[in-house]
Structure formats: structure tokens, C-alpha cells
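Enquirer: Quick note, the sequences are listed as chains A and B, same order.
Counting the first sequence from 1 gives a position; the working numbering is that position plus 161.
Position 38, counted from 1, in the second sequence is what the working numbering calls 32; the numbers after and before it change by one each time, with no gaps.
Just so you know, not all the hints are guaranteed correct.
[What the hints assert, rightly or not] Partner residues aside, some chain A positions facing chain B, computed with beta carbon under 7 Å:
#, residue
1, 212
2, 216
3, 225
4, 228
5, 229
6, 248
7, 267
8, 373
9, 374
10, 387
To be clear, the hints were calculated from the coordinates, so they are not data collected in a lab.
Note that beta-carbon positions come from the ideal geometry of N, C-alpha and C, so glycine has one too.
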Amino acid sequence: MDGAVNASSRSVVFDLARQELRDLNKFLHGDLRGVGSVTVENPDGANSIAVGINAPVMVEVNGHAGYYVAGMNQGGTVVVHGNAGPGCAENMMSGRVEVTGFASGGAGASAHGGLLVIRGDAGLRCGISLKGGDIVVGGDVGSFSGFMAQAGRMVVCGSAGEGLGDSIYEAVIYVRGTVTALGSDARLEPMGEDDLRVVGKLLADAGMSHLPSEFKRIASAKTLYHWNADANLTY
Amino acid sequence: MATKPEIDPTEPREPLNLEESAGLNRQAIHYIQRAAATGLYEIRGLGAKRALPHFDDLLFLGASLSRYPLEGYREKCSSKTVLGTRFATKPIELDIPITIAGMSFGALSAHVKEALGRAATEMGTSTTTGDGGMTSEERKSSKTLVYQCLPSRYGFRPDDVRRADAIEIVIGQGAKPGGGGMLLGQKVSPRVAKMRTLPEGIDQRSACRHPDWTGPDDLAIKIKELREITDWEKPIYVKVGATRVFHDVKLAVHAGADVVVVDGMQGGTAATQVAFIEHVGIPTLAAVRQAVDALEDLNVTDQVQLVVSGGVRTGADVAKALALGATAVAIGQGILVALGCNSGTYLQKGEHRSAIADYRSLGTAPGFCHHCHTGRCPVGVTTQDAVLEQRLEPAVGAERVRNYLKTLNMELTMIARACGKHNVHHLEREDLVALSIEAAAMAGVPLAGTSWIPGRSGGA
Ligand code: SF4
């Protein structure tokens, strides 16, 4: 069942207090021509809100979202006006997901593309297995963030916990605050011109106003790229 | 000093002492010396090589006076198989209960993936992707394609989720329950690297835990997300490597799986540590029974289907798995062997060519090879090498796999008819006995000639 269509603004409202999540997602997977935006009212921490979007649609979630909000997003813009549970924007391919509050564990896990903006803090394992997506976190990130991150960029305006960038591949992490501890094979590197440009651009895209020069660069030392007997503890 | 010895010194005075130690035997000595020389564990392909209680240790009780057989060559015996009837609105319908197990593009060449799709489609069964994503070749050639969602999420894309026929969430695999995948640099070709978003030529270690969920309660939520993404259409399988099967299957069912895939320790791998392959996990025979017990305990045998894999080779193996309670089997290594793995020759334009020298250069010989991890497969099956992969012509591979699957299904229906069943899914535990006490205990069927099921019933 479709949500109520407001003819003048061509925006659609789904009230999850009265409507089924399944119908919201089905609507988002259907023909969205002529639909300007979709508003989700009373999300009340529901899981899997606006997952599998495959169109340049705008979705506003007015309240807290549970697990996997905007999971596998492809091309959509999803704004959560509240906090997001684990795995927000997991496996995003493209588009933009924004969380105005805090995000729980695994934010942006395995994202191949797109931009995830978290205005507050992000929990454990932010950007785990990142595959090309970009993540900007206004606050801190929890431990094991950027674990096995393969490609893409993370910009952390606050501080990072333990094991940052453990077993990281080609992804790059920028941190403005302190890093409790780097993970295996992650190392601090000097900020180059390109890094300053990248951080500046991502901060601007996220609407955050720090100086790129305040950030540190963390990338792979590449000692785990090939098997070797001297890295036995790490294997 | 120079007196002529009374005994010819070239003749041993006593027979050579060649008493081999059972514990510190030649294999153990070789293992220690290899470890001492390299400081690194050994990695290889395929599955457990040690002798294990297996389907071979079970026998069927064909129909006789107490049961009535079906006419072997005339009377119909259905092998139709449906997977994913619990929640999915579009269950998988197969003509045979024998599917092709998940094997990655990366481990296998694109030619092989295409061949598997063609063979499966002709036989009315399914193929499965693997770590590294879906190739266009396999999607095109496979009528029914199961798309794996693995811990690494390499090449996991929503477009492929949408064009898959079912999703299989891989928790683990029988060859290495608790371990992630491994692909050595030789096989990380430009295309493989691109699909996995990794640098070319690195020794690639896949994650062993999923990035966005931990534990069975999260899994339930993850499954719901995938259902929402696919509008509740596609069956969701959960695959576990066989360890604590009774509990794991129950948890998978509670998490909302349509189908549970249980992979025993004989299941293959493209590359894993030998200590893992041989010492972690339980045999398929034990796993099947524990899985069935779990489904029976939850009273969901008519809703949740069980797919069993790990060392299934023959039609008799399939029949035994079904009789124990599986709905279908998945075969990996058997399929590779059908394609020519461990064969002395490969076929090029209809002509057999010898591969012996190539096995030799890997330090092995046909019949003994487990060198998939090297990427130098002498018969072009598990390689990414542009020259070697030509050794497997997709059409030849497809025909061989089709013949293999056909043979298995004929054997399966033959055994089913002999047991008086007009549907292979009617095979039951009561049709089986065991040859050894171990097999009787694991499979939960009586030792042949007795009514004794060790651990379950009293003496005969
Ligand atoms: S012949 Fe090829 S597929 Fe078979 S074990 Fe050797 S390398 Fe692996």
C-alpha cells in the first residue's frame, strides 16, 4: 500500500506507526518517477528502513532508526534526523546517507561508494571492510574502525579508539583528534597536498568546517600484503 | 690391518632396520622438517584427506518381502526438489536434489564458472557464486544462481542481489569452520583484484566474521534486511561449517533461514592451512544427523530444507544424505574432478594432451594433486592464468559436469526405486544400516545385522 501522496509537492509520507515497513521498502523499490521525496514518520527504531534503494530518491527519516538504515543504498539520499543503529548505510554503492545524531557499530560497513555523514559519534568498527565509500564522522569513532578497509576514505573529526585501521588495505583514514592505538599494519603518514585537498572536499561535502591541516593520515604499512614467516603473530 | 674381511662389507650383516614409528611416521617427520625449514604453516586446496567415517560406511536395505520395490527402468521416480518454502515467495524449484556448491571466481576461472552454469541449467539444478562476487558469465549461463553473502563482502552488490535467485549467507565452511577465505597472490589477477577491490597480486585473506552483524540475534535482523531488499521474494540460505551442528542449525532456524546448508569437514577449499582442513570440524556423516535432529526438535522439517555438502561424490552418497533427512546436497570437489581435476590429461579441440609434466612441476602427480592454492592447476580448473585456463574448454567442461550429475541422479533414483520409493525424498533413515560402530553412532542408524544404535538404543 502506498503512502499518502501530497499532490502539490509530490512528496510521500509513510507513517510506520500505521504502515508496514515492507510497504515502505516495496514502494522505494518501485517506479519512483515523479516522487520528489519520501518522509518516514514514527520510525521508532525500526530495523531496515529504506534498504535497497536503487534510484535518486530523497528519504527523510524523522526519528531514530534501528539496524541497517539505508542498507545497500544505490543513488538515494537518506537523512536520519536522529540516531542510527548498527550497520547504517552498510554496503552503500552510491548516493548519500546522513545521520544527524549518533551511529552505532559497523557504520558504513563494506560501503563501495557514496558518502556517509555522521554528525555525532560512531560506534565500534566504523568503516569496517570499506570498499570505496567515503565516511565523515563529526565526533569520535569507536575501536576497530577501518578494520580491513580496502578502499575509500574516512574522515574522523574527533578521536579514534583502539586498533584503528587494523589490517587496512588501500583505504585511508584521517583523524583530527587522538588515536588510542593503531591496529596491525596501520601507520601514521605525513599529510600531502592531495590529502589536504581530499579532506577539505569531504568536510565541505559534509558541511563541516575544520581545517584539513589539523588531520593526521593513517594508511597501510603493507607488511601483510604477502605471507611471510616473520609476521607470524599477525597471521 | 689389510686382512681380507671374512664377510663382504657391501653385504649388510643384518637386515636393514626399517621399523617405522606409528606416531613419528614419515608424514610427521616431513611435516616437522617442512615447518622447521619455513617457519610457516602449509597451505593447500581440496578437503580433509584423512580416513573418516563417511557415507561409505552406510548401506541401504533394499526392498524384499517386507517392502515392495519399484520397477527399476519403468516406474516413475521423482527427483523434483523445492528449496525455500518457509518465507520466500519465490522458492527454488530444481529437477534434481544435487546442486553445485559455492566456489569463487578467483579460485576457479571464468571458463569453469560458465561451464558449471551451463551444466546446471541443462540438468535443472542450481549453481552458487563464491567469495569474490558474481561474474556475468555465470549469471548468463545459470538459470538458477545462488548468490553468496560472505564475511568479506567482496564484490557484494545490490544489483547482483536483485538478479540472484536465492541468497546464501555464509557463516563458515566445512574445510575451515571459524576461518576466512584465502587467495594467494598468484591468483589475484587484474580481474579478480578489481572485483574484490584489492591490489593485484597480494596474498588475500578474507574476513572470518561478517562486518555488520555478530551473533544469532543480529543474524535474524540481517536476514530481515535482505528480505526487505528483495521484497521477501528470494529464499535465504544460511551455510555453516559443521562443528556444533545441532545448536548452529537451531540458531539458523530461529534467525529465519529458509534453507540451512551444512558443510562437513570433507568439504573442499581453494586454499587453507592443512591444520585447519584436517583438524577442525566434524565429518559430514555426523553433521547430517545432528542437523536433522535439530530440525526435528524444532518441528520444522516440512518448512526448513537442509542441504548437505562435504565429500558427496556418488549417487549412493546423495541417496544416503537424503535418507538421513537432507532435502538436497551440494557438490564442490566432485564437480572439479568431473571437470578434469586430478586427471592425467586435458582435452583441447577434441584431443587429449598430457598434463603429467605440469603436475610434476608442482611436485605431485594425477590422483594426488591438492595444489589449487598455487593457481597452476595442470588441467585449467582452479587457475587465473591466461594460458592454463584455456585447458578447460567451457563446452567440454559443461558436458562432463552434466554427465556426472546425470549419473548421480540415475543412481539416486535407482536406489530409491529399489527401496520402494517413487520419490527420492521418501528415502528414510529406516532404509539404512551402518557397517561400523562409529558410523552407526554418528548417523544414528543400527549397526548392520543388529538393532543397536550406539548412544541411542539398547543392545541387539
Ligand atoms: S588438478 Fe587442479 S583442481 Fe585438481 S587439485 Fe590439482 S590444482 Fe586443484
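Enquirer: With reference to the structure, classify each hint as holding or not holding.
Expert: Outcome of the hint check:
For the restraint placing residue 212 of chain A at the interface with chain B, the shortest Cβ-Cβ distance is roughly 5 Å, inside the 7 Å limit, so the hint holds. With its C-beta approaching chain B no nearer than about 12 Å, residue 216 of chain A sits outside the 7 Å limit, and its interface hint is violated. Hint status for residue 225 of chain A relative to chain B: violated, with the closest Cβ pair at about 15 Å, above 7 Å. The restraint placing residue 228 of chain A at the interface with chain B holds, with a minimum CB-CB distance near 5 Å, inside the 7 Å limit.
Of the supplied interface hints, the one on residue 229 of chain A holds, with its beta-carbon coming within about 4 Å of a beta-carbon of chain B, less than 7 Å. Here the hint on residue 248 of chain A is kept, as its CB sits about 4 Å from the closest CB of chain B, short of 7 Å. A hinted interface residue such as residue 267 of chain A counts as satisfied when its beta carbon comes closer than 7 Å to some beta carbon of chain B; here the least separation is about 4 Å, so the hint holds. The beta carbon of residue 373 of chain A is not positioned within 7 Å of any beta carbon in chain B (closest approach about 25 Å), and the interface hint is therefore violated.
With 7 Å as the threshold, the beta carbon of residue 374 of chain A stays out of range of chain B, its nearest partner Cβ sitting at about 29 Å, so the hint is violated. The interface hint given for residue 387 of chain A holds, since its Cβ lies 5 Å from the closest Cβ of chain B, which is under the 7 Å cut-off.
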